[in-house]
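K.L.:
Here is how the chains run, residue by residue.
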Amino acid sequence: EAGVTQSPTHLIKTRGQQATLRCSPISGHTSVYWYQQALGLGLQFLLWYDEGEERNRGNFPPRFSGRQFPNYSSELNVNALELEDSALYLCASSLYREGKLFFGSGTQLSVL
Amino acid sequence: KQEVTQIPAALSVPEGENLVLNCSFTDSAIYNLQWFRQDPGKGLTSLLLIQSSQREQTSGRLNASLDKSSGRSTLYIAASQPGDSATYLCAVRGGNKLVFGAGTILRVKS
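These protein sequence lines are chains X and C, in that order.
In the numbering used here, each number is its position in the first sequence, counted from 1, plus 11.
In the numbering used here, each number is its position in the second sequence, counted from 1, plus 10.
Keep in mind that the hints were calculated from the coordinates and are not lab data.
Be a bit skeptical, because a hint or two may be false.
Cβ-Cβ distance ranges computed for the label pairs, FRET-style [claimed, not checked]:
no., chain 1, residue 1, chain 2, residue 2, range
1, X, Gln55, C, Asn32, 20 to 26 angstroms
2, C, Ala89, X, Asn70, 38 to 44 angstroms
3, C, Asp49, X, Arg33, 21 to 27 angstroms
4, C, Pro50, X, Arg33, 20 to 26 angstroms
5, X, Asn90, C, Ile17, 35 to 41 angstroms
The structure presented is a predicted model; accordingly, all values stated were derived computationally and were not measured.
Quick reminder that beta carbons are idealized off the backbone N, C-alpha and C, glycines included.
Next up, chain X with everything else stripped away, as it sits in the complex (with noise of 0.2 angstroms):
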């Protein structure tokens, strides 16, 4: 079976620039998260997508932004791209709600 798929997984952007990464969960689960980890920090949690719904959103500025399918993937959206946004963007999905977390390879994000 296969696990959680991020595409791209590098991806070089200037200042300025929209990036869009996507994500497809696991056959079946109808949760997804993104995550960002900057460079020496945390996981800091951005979005969390339920069938479909946005449940949650972590504390970033409107220019990150995202959907959630109707079979389930996901994409992040980032415009306006600034330096500080260089990061590893990790995806995960999760069959229901209180599930078991599983993550994608992320997306390693470079904006020069």
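Starting from the structure of chain X, add chain C where the hints point.
P.N.:
Then chain C, alone, in the frame of chain X:
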């Protein structure tokens, strides 16, 4: 607001030692607690999940305990190996949030 603290921040041990990693949380109203390991630049690998009604979970050389009333969990690693070297994170789920600790960096020397 839930706060999760992991002690120690870093740990270096010789191969073969048994060791304990600690995780504490401030709000005992939790659904579950999950332990992960993370290798540098990689995603997180789930190790153990303990539901709020459980006291402990075991998988191979790993044993995790949960004392919800005191807001503590421990991850016990028996007979440590160099391959256990990684960052270990605990995450507490309560309400509609999953809060991570900052992690313990473990190095097992051969």
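K.L.:
Now look at each hint and say whether the structure bears it out.
P.N.:
Hints, verified against the model:
| no. | hint | in the structure |
| --- | --- | --- |
| 1 | X:Gln55 to C:Asn32: 20 to 26 angstroms | holds (22 angstroms) |
| 2 | C:Ala89 to X:Asn70: 38 to 44 angstroms | holds (41 angstroms) |
| 3 | C:Asp49 to X:Arg33: 21 to 27 angstroms | holds (23 angstroms) |
| 4 | C:Pro50 to X:Arg33: 20 to 26 angstroms | holds (23 angstroms) |
| 5 | X:Asn90 to C:Ile17: 35 to 41 angstroms | holds (38 angstroms) |
Of the numbered hints stated above, none is contradicted by the structure.
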